[in-house]
Amino acid sequence: MASRPELADFLADVERRAFKQALFAVRDEDAALDIVQDSMMRLAEKYSDRPAGELPLLFQRILQNAIRDYYRRSRTRAGHFVSLSALESPEDDVSDPLDHLEIDEELNRFATPHAALLQAETLNLVEEALQNLPPRQREAFLLRYWEGLDIAATAAVMGCTEGSVKTHCSRATHALAVALEAKGLRP
Amino acid sequence: MSQEDRFARQLCRVLDDGTNQLDHGIAERLRAARERALLQQRAVLASSVKIGAGGTATLGGDDERHPLRMLLVILALLIGVGLTYVWNGFSQASENEEIDSALLADDLPPNAYLDKGFQAWLEQDSPSGD
Chain A
199 MASRPELADF
209 LADVERRAFK
219 QALFAVRDED
229 AALDIVQDSM
239 MRLAEKYSDR
249 PAGELPLLFQ
259 RILQNAIRDY
269 YRRSRTRAGH
279 FVSLSALESP
289 EDDVSDPLDH
299 LEIDEELNRF
309 ATPHAALLQA
319 ETLNLVEEAL
329 QNLPPRQREA
339 FLLRYWEGLD
349 IAATAAVMGC
359 TEGSVKTHCS
369 RATHALAVAL
379 EAKGLRP
Chain B
699 MSQEDRFARQ
709 LCRVLDDGTN
719 QLDHGIAERL
729 RAARERALLQ
739 QRAVLASSVK
749 IGAGGTATLG
759 GDDERHPLRM
769 LLVILALLIG
779 VGLTYVWNGF
789 SQASENEEID
799 SALLADDLPP
809 NAYLDKGFQA
819 WLEQDSPSGD
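Chains as they are written, first to last, in our numbering: chain A, 199 to 385; chain B, 699 to 828.
Accuracy of the hints is not assured; some may be wrong.
Said to hold, decoys possible - So the derived list for chain A, only partly shown, Cβ under 8 Å to chain B, looks like this:
1. Met238
2. Glu325
3. Gln329
4. Tyr343
5. Trp344
6. Arg369
7. Leu374
Stated by the list, open to error - In silico negatives: residues of chain A with every beta carbon more than 10 Å from chain B:
8. Glu213
9. Arg214
10. Val224
11. Arg225
12. Asp267
What the hints assert, rightly or not - Coverage of chain B stretches by chain A, computed from C-beta distances (three or more under 8 Å per stretch; other residues unrestricted):
13. 702-711
14. 731-740
Simulated from the structure, these hints should not be mistaken for laboratory data. Yeah, the Cβ is synthetic: ideal placement off N, Cα and C, and Gly gets one too.
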């Protein structure tokens with residue numbers, strides 16, 4: 199069973215990323231905060247008896263479900279849903295931006311006097327590109343790479359096959375590379 | 699690590715920088731949410747300790763997470779109802795047995811109770827008996 203310090207440490211570690219994940223998805227700070235708060239409460243209320251090692255997977259399941267619930271409610275209210283699939287990397291794209299990966303060099307320039315401004319600009323571009331991904335691709339990308347879940351765990355959280363996770367991650371990465379390159383940040 | 703993985707992890711480093719620069723107000727609201735969640739955990743743990751110490755269980759609430767436990771409770775209730783039914787059957791049989799024994803052991807034969815003349819004689823005879 200997770201002790202109070204273990205739960206406290208886990209929540210402190212994950213809360214900011216969780217907020218960003220929710221914000222990328224719902225694009226509303228208050229709604230994102232509500233989603234994170236509800237997810238934390240649900241974790242504490244329903245899964246206090248689970249070992250600390252299970253908390254990341256459980257929390258991500260709760261969080262992603264909360265985000266999906268928000269989508270469903272929004273769709274019901276608005277009667278439509280913005281499709282962002284146009285930003286997906288086309289299947290017949292001959293040039294692969296990942297072939298000339300140079301973002302490290304861009305990031306290394308954070309150490310220069312222009313660091314703060316450049317970092318903020320880069321962050322905005324990356325966050326905007328992430329926001330524009332189709333929801334399932336963004337979910338897979340963030341769970342797999344940012345939360346560090348393995349493919350099986352990501353598939354469990356998303357309720358899909360491991361093959362789908364690989365496909366979503368690959369498409370997300372390529373779409374991000376294309377989007378960032380279009381904004382002048384060479385991926 | 700593949701090129702794709704490397705690129706993804708670079709982007710995640712940028713995202714990590716972003717979480718460190720989160721607006722103070724949002725960071726505070728997240729901290730408050732975390733504190734509320736921890737209080738909730740304390741309340742849940744306290745209630746489960748009470749249940750354990752008292753040796754009783756309640757339906758719903760905590761049990762909703764344990765279908766097996768719910769099933770066992772329902773099974774125990776059904777067994778209880780079944781045993782009560784069987785016990786009542788035995789009691790009834792025992793009472794009937796006593797009545798039969800009393801009737802058979804009595805000086806008056808049981809057929810006398812079916813005789814209308816005997817009933818009438820009893821009714822006529824009762825006042826003088828008093």
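Quiz item: For which of the previously enumerated hints does the structure constitute a violation, in increasing order of number?
Solution: The structure conflicts with hints 3, 6, 8, 9, although it agrees with all the remaining ones.
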